[in-house]
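Participant: Each chain is listed here by its residues.
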Amino acid sequence: MSAPAVPSAPSGRRASARRPFGRSRGSRGLGGTRRPHPLLLVLAFCTVAVVATPLVFLLGEALAAPVERITGALLRPRTLQLMTNTMLLTLGATGGALLIGVPTAFLLVRTNLVARRWWWVAAALPLAIPSYVAGLAWVSATPLRGYVGSVLVLVLVSTPYVTLPVAAALRRADTSIEDVARTLGLGPVRAFLTMTLPQIAPAAGAGALLVALYTISEFGVVAIMRYPALTPAVQTAFSGTFNRELAMVLSLMLVFLALLVVVAERALRRPVTALRVRGDAPPPVRLSRAGHIVASTALGTVFLAAVGMPIGVLVHRLIISVAGREVEVARLLAAARTTVLLGFAGAVVATLLALPVGILAARQRTRLVAGLETATFLGHGLPGIVLGLSMVYLSLKVAPALYQTMTLLVIAYGILYVPKAVGSVRTSVAQVPERLEDAARTLGRTPVQTWTEVTGRVAWPGIAAGAMLVALTVMKELPATLMMRPTGVDTLATRLWQLTDIAAYGGAAPYGLMLIAVAAIPALVLARQPGGSS
Amino acid sequence: MTNHPHPPALSVRGLQAAFPGPGRTETTVLHGLDLDVPEGELLAVLGPSGCGKTTLLRVLAGLLPATAGQVDLAGRRVVDGPVSVAPERRGVGLVPQEASLFPHLDVAANVAFGLSRPRLWKRRGPVPPRVMELLEMVGIPELAHRMPSELSGGQAQRVALARALAPEPALVLLDEPFSALDAALRVRLRTDVREVLAASGATGLLVTHDQDEALSVADRVALLSAGQLVQVGTPSEVYSRPATAWVAEFVGTCSLLRGTLEGDTVTCALGTVEATCAEGVGSIGKVVIRPEQLRLSARPGIGVGATVGAVEYAGHSTLYRIRLHGAGEKLAVREQGPARFAVGDEVTVTPTAALHVVPTT
Numbered sequence: 001m002s003a004p005a006v007p008s009a010p011s012g013r014r015a016s017a018r019r020p021f022g023r024s025r026g027s028r029g030l031g032g033t034r035r036p037h038p039l040l041l042v043l044a045f046c047t048v049a050v051v052a053t054p055l056v057f058l059l060g061e062a063l064a065a066p067v068e069r070i071t072g073a074l075l076r077p078r079t080l081q082l083m084t085n086t087m088l089l090t091l092g093a094t095g096g097a098l099l100i101g102v103p104t105a106f107l108l109v110r111t112n113l114v115a116r117r118w119w120w121v122a123a124a125l126p127l128a129i130p131s132y133v134a135g136l137a138w139v140s141a142t143p144l145r146g147y148v149g150s151v152l153v154l155v156l157v158s159t160p161y162v163t164l165p166v167a168a169a170l171r172r173a174d175t176s177i178e179d180v181a182r183t184l185g186l187g188p189v190r191a192f193l194t195m196t197l198p199q200i201a202p203a204a205g206a207g208a209l210l211v212a213l214y215t216i217s218e219f220g221v222v223a224i225m226r227y228p229a230l231t232p233a234v235q236t237a238f239s240g241t242f243n244r245e246l247a248m249v250l251s252l253m254l255v256f257l258a259l260l261v262v263v264a265e266r267a268l269r270r271p272v273t274a275l276r277v278r279g280d281a282p283p284p285v286r287l288s289r290a291g292h293i294v295a296s297t298a299l300g301t302v303f304l305a306a307v308g309m310p311i312g313v314l315v316h317r318l319i320i321s322v323a324g325r326e327v328e329v330a331r332l333l334a335a336a337r338t339t340v341l342l343g344f345a346g347a348v349v350a351t352l353l354a355l356p357v358g359i360l361a362a363r364q365r366t367r368l369v370a371g372l373e374t375a376t377f378l379g380h381g382l383p384g385i386v387l388g389l390s391m392v393y394l395s396l397k398v399a400p401a402l403y404q405t406m407t408l409l410v411i412a413y414g415i416l417y418v419p420k421a422v423g424s425v426r427t428s429v430a431q432v433p434e435r436l437e438d439a440a441r442t443l444g445r446t447p448v449q450t451w452t453e454v455t456g457r458v459a460w461p462g463i464a465a466g467a468m469l470v471a472l473t474v475m476k477e478l479p480a481t482l483m484m485r486p487t488g489v490d491t492l493a494t495r496l497w498q499l500t501d502i503a504a505y506g507g508a509a510p511y512g513l514m515l516i517a518v519a520a521i522p523a524l525v526l527a528r529q530p531g532g533s534s
Numbered sequence: 535m536t537n538h539p540h541p542p543a544l545s546v547r548g549l550q551a552a553f554p555g556p557g558r559t560e561t562t563v564l565h566g567l568d569l570d571v572p573e574g575e576l577l578a579v580l581g582p583s584g585c586g587k588t589t590l591l592r593v594l595a596g597l598l599p600a601t602a603g604q605v606d607l608a609g610r611r612v613v614d615g616p617v618s619v620a621p622e623r624r625g626v627g628l629v630p631q632e633a634s635l636f637p638h639l640d641v642a643a644n645v646a647f648g649l650s651r652p653r654l655w656k657r658r659g660p661v662p663p664r665v666m667e668l669l670e671m672v673g674i675p676e677l678a679h680r681m682p683s684e685l686s687g688g689q690a691q692r693v694a695l696a697r698a699l700a701p702e703p704a705l706v707l708l709d710e711p712f713s714a715l716d717a718a719l720r721v722r723l724r725t726d727v728r729e730v731l732a733a734s735g736a737t738g739l740l741v742t743h744d745q746d747e748a749l750s751v752a753d754r755v756a757l758l759s760a761g762q763l764v765q766v767g768t769p770s771e772v773y774s775r776p777a778t779a780w781v782a783e784f785v786g787t788c789s790l791l792r793g794t795l796e797g798d799t800v801t802c803a804l805g806t807v808e809a810t811c812a813e814g815v816g817s818i819g820k821v822v823i824r825p826e827q828l829r830l831s832a833r834p835g836i837g838v839g840a841t842v843g844a845v846e847y848a849g850h851s852t853l854y855r856i857r858l859h860g861a862g863e864k865l866a867v868r869e870q871g872p873a874r875f876a877v878g879d880e881v882t883v884t885p886t887a888a889l890h891v892v893p894t895t
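Residue numbers (the working numbering), protein chains in the order written: chain A, 1 to 534; chain B, 535 to 895.
Hint data in this document are derived by calculation from the structure and do not stem from the laboratory. Please note that a few of the clues may not be correct.
[To be verified] Computed Cβ-Cβ distance ranges for the label pairs, DEER-style:
#	chain 1	residue 1	chain 2	residue 2	range
1	B	S583	A	H292	46 to 56 Å
2	A	P284	B	E560	48 to 58 Å
3	A	V448	B	V617	48 to 58 Å
4	A	T427	B	P541	42 to 52 Å
[Said to hold, decoys possible] Here are some chain A residues the structure puts well away from chain B; computed CB gaps all over 12 Å:
#	residue
5	A290
6	R337
7	Q449
We put the beta carbon where it would ideally sit given N, CA and C, even for glycine.
Next comes chain A alone, as it looks inside the complex (with noise of 0.2 Å):
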């Protein structure tokens, strides 16, 4: 363990830290209020271009390759066989999810179910069990496998990402032209259906396609029940056969249906608008006696199966193989150290990476800018096992001396969540008013001093805040760092992996309850973040 756990980021990216937005000075202009300063502009793009050289190596290496093997993998029956069980994953985890997401959006905000405040947190809460963690308890608990077992388990952790925006876009539909409907001749559900529905659906569809986008990329769950998707596939092309050119088409075919989803999701994306112009929220749908029996037996059982099922099973088997003295600590706390190590590098270099873009995207709207924007949303549609790929064949090719290093995990993890770090970052720097920024400017501070001073000082715990988030979900990630970790290093997703692949249950059930616990924490953050006080 030579490598050392803190990355050297180049010093282009790591200057990005200090560099501030501004605005060019002196004789060259004032630059305008709405111009990006010059070195803020070159930063975001060695950011784009960190991004995207993982994908533009592989989709090189893959054309450089002998033209027969490519095709040779790609029209083998077994690739579309592949392919069209990836597809039918992601449909039906994704149909799942909306047919359970809505109807519970539905119920936590239109209704007047009892302890709604209790059952929107457990709707949350699912987000907190790591897939493949949920994936190990049903294995070993139930004969539940293959694409039966996939889709139930992937359904039940992704569901939250339809209920949470379906449910804050209930909260703010205009439900006063229910009312109009109601009172020119519509019946409640006529109303609801061609009132509200379509005010909700861009939330639903925003919901479903990020859906779809965890199950392409998704690994363990797949991995664990034996389904034959393609990330599995990828991984035995590279790690059993070392078929590279097989690997290569592989993970390009992934990459090719998770921007398909990417491209869609921001086509059908729309602007927020608040719509309703009261305060006060609509009177609920008075549920009857069974209603109220059926709704929270409903939810109750979701609940069960997505949250206390994993965590049932998991302390079961904690207990039995703490009796049965077939717990590893030691490897267990190393384990649980090197993830929280690994985890905050790979937020610190994600968020550099992502304040040249966050910052830009805060205060700029031009063409550009949305561009750069976008660029980085490749992290978003690159599976882990596709970049863990990419990053392995990269290195041995340009610099072998960082094949399976740390420094190169943290990077491969920096470029996997600068979507989530430029998100953060530009929400927090868009809540610092430009008005301070003018106010500093005219009390003598040049557009560095203004940011240091100023709007990164104010815009600082957003940032960190994000950060964090970033951090524990760099902690839960398993194929990236499957493929690329050093030997001999375990984190508590890896060596969980290696536990349910060899049907070690027991040994692996701690590993899998401090991922929860892991998950737990920004699991209740976003919780909260829809919900304000409802």
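Chain A is fixed; fit chain B onto it per the hints.
Facilitator: Only chain B this time, still in chain A's reference frame:
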């Protein structure tokens, strides 16, 4: 203001500015302004929203580049066409809308911000004498250690003023600083601000869309319409001798009647009256009639006959809306005290002073 040996605090010549629109387009907002503000004066730039007054302020502060023209601050050129001095090197104070205090600094540190280099101020330490002096000047010395979130709107504006005055700028720009406050507070604060500016000897430029504010506070008022200065003058000048019908209507209630000029008199629906003339009036002009320039009488025979159409009682005065007999022109008449007439009463109306005539276009 007598002849000063110093150059004016602010001198603007042929200033043009554009605002970046969508894509690469630019919308010209200021079309060649000329303006001089002598040292120690408070000038109000008055205009409706969208007239370019905020753009002017941003160009003067150095936050937006000009496209053409010159700006001199106390004899020092800060804008020469698109070339300009950065805001931090201009010595201009800015009091933004809604105060915009630095939320992470307490009141004293906000005021000291323009005085010190980074990190010279300390939280909770003793307040530097200069900062205390400024806080006393704006009347809130007891708030030195409050955070901005603990201040009321009026207090925040006082801090913003102290912060802007701290480095003794050549010019203080006030960007509608009272618009977010409620009416009573607004009146008190603007009087105080005027006193503070006078006491500190600062030159001020106040941007506003509120004519009451401009007329009551400023030494002179500059009227800005669609990016052009229409008139610059003392409050009483722009009120009683407006340059155009637009100015007449923007700075206060008035009625406009067509009139024919002949020597020093104008003939309109109210008869032939003594008149003053704005520049550019031909033989036909528009007569500006302020409500307080007319008097109503119940006795027939004197003046022109009219019918009372509406009565608006305002406590200290009463506003009548009347309709002249004949062509039916509508006029507003204000009288001190309670209403003497009711809707439908037949009255006669006479002008009590010389009337002002502006060009018809």
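Participant: Quick check: which numbered hints come out false for this structure?
Facilitator: Result: hints 3 and 7 break, sorted rising.
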